[in-house]
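Peer 1: Taking the UniProt record's numbering, I'd label the letters of the sequence shown as residues 1 to 301.
Just so you know, these hints were derived from the structure itself, not from any lab. The beta carbon of each residue, even a glycine, is placed where N, CA and C say it ideally should be. One should not assume that every hint holds.
Okay, the calculated beta carbon distance ranges per label pair [what the hints assert, rightly or not]: (1) Ser248 with Arg160: 44 to 52 Å; (2) Arg58 with Asp255: 33 to 41 Å; (3) Gln12 with Arg275: 30 to 38 Å.
Derived pair list, reagent style DSBU-like, types lysine-lysine, alpha-carbon separation capped at 30 Å [claimed, not checked]: (4) Lys285 with Lys231; (5) Lys245 with Lys283; (6) Lys245 with Lys280; (7) Lys56 with Lys23; (8) Lys245 with Lys231.
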Amino acid sequence: MSNMHRIHWFDQRIRGGHYPSSKDLALQFEISRRQAQRDIEYLAVSLRAPLLYIAKYRGYCYEDRTYVLPHLYMTEEEKSVLKFLARKYGEYSSDSPSGVQRVAHLLGRFAGEEGGEDSRRLPFFEADPRLIQISQQLSFAISHRRVVHLHYRHENGQTRENVCPVRLLSQYNADYVAAYGEHGGGRMLYRLDRIENLHITGRIFEQDDGEEVPLTKAGPPGLKPFTARLKLNSELQGDTWHGYKARSAGDGLYDIEFYDADAFLQQLVLGSWQRLESPKWLKTKLQNRCEQILRCLYGEE
């Protein structure tokens, strides 16, 4: 929940004559007193609210009753853009003075980020459907400790390998996944834009506690995904299907979201399911792929 929800609540309490305090705000939203005080400071400084503390009531009121909160509604896409800029400025700030850090902090506050340790470790991704899809699948594999089969393009050629992904990160304006080989070896960095395709296997890898890293939850930066309706063989135990976000549509049907059609098509070929309901263009694309496979099988190509 973003701090704007809390600020609106605080504003309504003031208008109702309840003299809310940081303690009231913290109890209502189950946040720390420090975070509650930051929200109040944000209301006073950034939103220019004429707050006045009344010691008698141990709470706040508006010195000017005509004050109205500015309209700060943002779409999810706009929030994603701000989060992207906040992370860009945040990375740049390591080589720059505190002024840049303040810009990063301000953008993060507008985007509704709390600014904790985990949020500073989140990577950012270009608005490229293919990179978005790869990052989402890898995020799923990281959180579920799944071995991933990579088709990777090196400078000297292409390889296929099984890896255990542990972290997503950004370095020198490029995005990487840190991973270990399934059967041992040191940690390697793989550039996301060099991954030709990947497949999440059903194998679980054990992660050494000494190498524990925060799980990375990366969301798409404002691009609308495609949706495929699939009838699956069995009910899903979570909200993903092979790393793709899924939601139940009833009667064994699921709406699966994807960004890269070719990568999703490969998953359809490899995965287990009963029926593809929609969209029509994807059914046609899958039919053409299957016909091509059959022609290759019988030596007709």
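Peer 1: Against the earlier hints, flag every one the structure doesn't satisfy and list their numbers going up.
Peer 2: 1, 2, 3
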